[in-house]
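Colleague: Single-letter residue listing:
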Amino acid sequence: RKEVEQDPGPFNVPEGATVAFNCTYSNSASQSFFWYRQDCRKEPKLLMSVYSSGNEDGRFTAQLNRASQYISLLIRDSKLSDSATYLCVVNKNTDKLIFGTGTRLQVFP
Amino acid sequence: DTEVTQTPKHLVMGMTNKKSLKCEQHMGHRAMYWYKQKAKKPPELMFVYSYEKLSINESVPSRFSPECPNSSLLNLHLHALQPEDSALYLCASSQADRGTYEQYFGPGTRLTVT
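Listed in order, the protein sequences are those of chains A and B. Every letter in the first sequence is one number past the one before it in our numbering, and letter 24, counting from 1, is 24. All you need for our numbering is the position in the second sequence, starting with 1, plus 1000.
Treat the hints with care, as some may be off.
[As the list claims (entries may be wrong)] To give an idea of the chain A side of the interface with chain B (calculated C-beta under 7 Å), a few residues:
| id | residue |
| --- | --- |
| 1 | GLU15 |
| 2 | GLY16 |
| 3 | ALA29 |
| 4 | SER32 |
| 5 | ASP39 |
| 6 | LEU46 |
| 7 | ASN91 |
| 8 | PHE99 |
| 9 | THR101 |
Keep in mind that the hints were calculated from the coordinates and are not lab data. Using N, Cα and C, we set each Cβ at its ideal position, and we do this for glycine too.
Work out the full structure: start from the sequences and follow the hints.
Modeller: Next comes the structure, spelled out in structure tokens:
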């Protein structure tokens, strides 16, 4: 079993739609959780850190469920510019991040 | 300002060449990383420097040699590479003494080995 699992997609959604991505992790001792977005042929960019209480940044909401070892990202009112690959990332120890394989999102007009 | 810079942006090298990739950050971060990323795959960790000391080497072949001259700079020396080493090489940095360990990536060097 992979340490961090994501549905690879692609998720094809129209502009304005709400879309949710899920991610599960296997190491119950994981401490920190992140969502990164990566555009084609570009570097990953930090989208959000994910906190136990859940957190929101504009149209983006992240949730963490430690009991189920599950992280989610909700994007409301999708824009064309949201098209990218979304990487779920888990901190295994102080220096090492574990990346999921990414979920590809394509928003169409 | 969360900026990590990398040079060069693109590099083409033969299997007998020696070249170096450079990375710089001015955020006062104490941990710096090298990753390799192939198309449609997530980044794979290669090396970690923490407080200028090599703390993780993910069993990377010796044809890749990292160097951390100071807390702001990270180099990756390349020698006798193979075509399968062609990839995007990403540098990242983080505040090693913070609890969240968010990493910030540079734009990468796209390497082609011929």
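Colleague: Starting from the hint list further up, note which numbers the structure goes against and sort them upward.
Modeller: 1, 2, 3 and 5
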